[in-house]
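Undergrad: Single-letter residue listing:
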Amino acid sequence: MSELFGNEPFWVIALKSVLIFVVLLVYTLFNIWFERRVVARMQHRIGPNVHGPFGLLQSLADGVKLALKEDIVVKSADKLVYVLAPILATIPAFLAWAVIPFGPEVRIPFTDTITPLQLTDLPVAVLYVLAVTSIGVYGIVLAGWASGSIYALLGGLRSSAQVISYEVAMGLSFVSVFMYAGSMSTSEIVEAQTDLWYFIPLFPSFVIYCIAMVGETNRAPFDLPEAAAELVGGFHTEYSSLKFALFFLAEYVNMVTVSALATTLFLGGWRAPFGIGQINDGYFNTGYWPLLWFFGKTLFFIFIFVWLRGTLPRMRYDQFMSFGWKILIPVSLAWIVAVAFIRKLKSEDMLDQQTLMWVAIAAGVLVLVTFFIPEKKPEPEPEPEEWDAFAGGYPVPPMPDSTRSES
Amino acid sequence: MTTFWLLAPVMVIAALGLIFARKAVHAALALAVVMISLAILYAVQGAPFLFAVQIIVYTGAIMMLFLFVLMLVGVDSSDAVRETISGQKLAATVIGLLFGITVVLAIGQTVSGAVVGLGDANENGNPYGLAELLFGKYVLAFEFTSALLITAALGAMVLAHAERLTPRHSQADIAARRMREYAESGRHPGPQATPGVFARHNAVDTPALLPDGTPLASSLSPSIVERGQVREGFDDDIDKVVEQLETEEQRDRRAGRDGRGTDGFGGEK
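If you read the sequences in order, they're chains L and G.
At position 200 of the first sequence the residue is numbered 221 (my numbering), and the sequence of numbers has no breaks.
At position 42 of the second sequence the residue is numbered 65 (my numbering), and the sequence of numbers has no breaks.
Each hint should be verified, as a subset may be incorrect.
[To be verified] Reference listing, derived: stretches of chain G covered by chain L, where coverage requires no fewer than 3 residues with Cβ under 8 Å from a Cβ of chain L: (1) 46 to 56; (2) 65 to 76; (3) 148 to 156.
[As the list claims (entries may be wrong)] Dumping the calculated DMTMM-like pairs for lysine to aspartate or glutamate here, alpha-carbon to alpha-carbon at most 20 Å: (4) G:Lys46 <-> L:Glu126; (5) L:Lys365 <-> G:Glu255; (6) G:Lys160 <-> G:Glu146; (7) G:Lys160 <-> G:Asp143; (8) L:Lys37 <-> L:Glu126; (9) G:Lys263 <-> G:Asp275; (10) G:Lys263 <-> G:Asp235; (11) L:Lys397 <-> G:Asp275; (12) L:Lys367 <-> L:Asp216.
Because the hints were derived from the structure by calculation, they are not lab data.
Here a beta-carbon is modelled for each residue, glycine too, at the ideal position from N, C-alpha and C.
Start from the sequences and build out the full structure, keeping to the hints where you can.
TA: Right under this line is the structure:
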């Protein structure tokens, strides 16, 4: 971790904070446009293309319109919590960006000040991101409760259950990264990926993280808290105008946050892609070039988000929960144990790189083969006759084991 | 120190709010404020790991509290303020005050001087220092605690587990049943028509109208039929519409509105 973190002059910190805020706002506007255009292309439409070049100003116009709309506070709302909820959802989304590394140390133009392209860093930076994003869930749950509407309440409850369950899987996928990097600070994790990006040795963690991050941000196909077909708008059904805009903003910033975290933890952070990074002794890893790679990589994840939304139908709620608890979490636990063993064996020199590679390839092939084994259909149970609860004159529940034999 | 004096009033007010709030959800929210402020105080005192863990653990815990409140107490019920045990308030106040004084005295006597050794403890970074303690000196206590928690979680699962009494209907089963019903009795396999929307009255107490104008009884919720709240008298309705149209037509004719004459659309004057 650089010595500069926490010891910089005030104006540098203020400048970086303001820049992060502005970049996130602009990136959100861009992402809304990007999502609409990409989804439109996937559905054989054109998408917004009128306002500004390529329709880029469309989201700005929409944002202004949204802010000028009538702000309705429903009668049965709990006023204080109703107003507090969108604020609680938005602020943590921005806070998480305090520890995201955008690049290496650079000189601020027109001055002699050298500063890392990262607001600050903590020894527990990744945990800090987990912590502040989990505060954001309060916003959603409280919005659901305070709206005084059943749809909103159901959306809020779904969201709390969903985010808590998927946060477990997400946290577990971080553990293997911590074990490899030997640190929880974001800048040190990026530093540790100089030679090898972690999505190669820690591929299962990467996959688990990618699934969990979609669940964590309430995006399709896991957008059950706002499932339009079931819950109207879910937790934000009763919100309008600027309050709704805040939820909208929070969702898109969260999307970028998890993408940036995935970039930092698994895709080498701001480091140039293989090939470009080797040119001219790593020239493209210095100065302001890394910003390009960083935003390119986050945009890649945003594209995946949009692609998923354009492709997959919404999951059923119970399937979604059982997928999280019965598959993601056990798999990540088993993977953590495996990673711990590999690390220990390697540090004791009992396992060389080649053996490990062959084992990994064999395991990968085995997993692939399992995809081709047709699922065994469960034996169709004999249709039991309808249980007549009133057979004896009183309503009686059936006995657990005698259901089939007696009736 | 500045942070402490900024946060201390917030925490005290939130803690008082936790006790005095009428609605259980407000109390839970106040608890969240106290916990997050506590986390910030940890961060200020050089314990960043504890800061993150405090927030992660307590947001989950308070979220569970929210759910318990919603499920056990109800969405918007408030606390009853009536005393159920006589003299409870007085007794609680006295005992609470005594407890508070004891705690203040005890803590005041043990940590009156300045705390030393923070630099040594955090020498290799805060997480390392903590890990050394947890997995070195206190490893047994740590493992026992985790065993205890796992036992508790398993116990809760066993208690909450219910034997399935009837066979489970999967989506495929339900679809098959619907098609069978369609084949046997001709019952429509898809979702039923929604009430109201296609009728003149956009309300749930109005049955949907079939193309020939007859109301479709099955589009209404059975509970509305049970309560006798079904809106009826559609024949009158149609008559009324016809009448209305006729009067409008007559009025138009009387006003001489037949293409031009008034300031209609595109009419020459």
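Undergrad: Need the list of violated hint numbers for this structure, in ascending order.
TA: Hints 4, 5 and 11 are the ones this structure does not satisfy, whereas the remaining hints hold.
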